[in-house]
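Visitor: Letter 123 of the sequence shown, counting from 1, is numbered 127 in my numbering, and no numbers are missing.
If you are wondering where the hints come from, they were derived from the structure by calculation, not from laboratory data. Any given hint might turn out to be false.
[To be verified] If you anchor each label on the Cβ, the simulated ranges turn out as follows: (1) 289 <-> 237: 44 to 54 Å; (2) 226 <-> 164: 21 to 31 Å; (3) 229 <-> 160: 24 to 34 Å.
Small disclaimer: the values here were computed from a predicted structure and weren't measured. For every residue, glycine included, the Cβ atom is placed at its ideal position computed from N, Cα and C.
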Amino acid sequence: MNVRPSILCPVDFSDASAGSLRYAAAIASHFATRLIVLTVEDPLLTEAADLGTGVRWNPNDSRQELEQFASRVFGPDSPALGSLEYDVAVGKPAGEILRIARERSCDLIVISTHGLTGMRKLFFGSTTERVLRETTRPVLVTPPADPGPISLDDARKLIRRVLVPVDLSAGSRHQAVVGAGLADAVGVPLILLHVIEPVRTPLAARLHLAGIEADRRAVAEEGLQAIAAELPSRVHPEALLVLGDPAEELAKVVRDRQAGLVIMGLHGSPLLGPRMGSVTYRMLCLSPTLVLALPPDRVDVLSAAVAARAAVAR
């Protein structure tokens, strides 16, 4: 079993996937990890090429196309090209992405929200949506219009601030720790955000809502401060508490505070496995920003590497 940290970046040769590949390469270079570039071919097209067209499909042709795509993305003389590994799969894109990530022991998947493959559902690519719903590994989702960085120094200018929305559940602390490690490593401010949803109930008119809202706010403030207190003191996280719809308020803070990276949890079911929470889904639809989505209850190698490297750098 491969234990060396690795990153998987699926591409469909679109401009959107070029941006995700640049992000993946910057991360892989900074942490000295393997970067696997993957393309998934449609089985109907490969079969059609073999049957009656006079053209036989060869996976090596797809690998050459991947190499040519990477050369266009980074430039033909870029040293980044020498560290890339290429893989070709045949099947449904999301399923093959998840299979390769599992079989190649990848610690992070970097993928764009939109590309050329798959049909769009609302404002969100169906391939990326399914990957997020079923992944057991962290996924960095890149916005389609983001060209991506050339280096981690470029990423610092693009990210500006790391925003971690926390719902004060058990997974919130892990999200905050990962956010603190990344903010520290990149050298940008960290914001912890909790959104208190308004009480919507027919009993509202008969309840003393002013007192209830004050109690809810006090509990939320205490929980938010407790999470902030557990983070390294050098990070100096800013704690924000707002009232409203979680996805809408999150998108508003991203816009107003110019946060370039949001770290969110993927809530799951013990029976069905990891599933993308509605707030995460709506956030990705509402705000074109970089999102690191963390599956529940998973301490990944890459997160540990971020924390360790940040500690050494200090």
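Visitor: Note whether the CB distance of residue 226 and residue 164 lies within 21 to 31 Å or breaks it.
Guide: holds (29 Å)
Visitor: So the hint says 24 to 34 Å: do the beta-carbon atoms of residue 229 and residue 160 match that?
Guide: holds (28 Å)
Visitor: Is the distance from the Cβ of residue 289 to the Cβ of residue 237 consistent with 44 to 54 Å?
Guide: Given range 44 to 54 Å: violated, Cβ gap about 36 Å.
Of the numbered hints stated above, the single one contradicted by the structure is hint 1.
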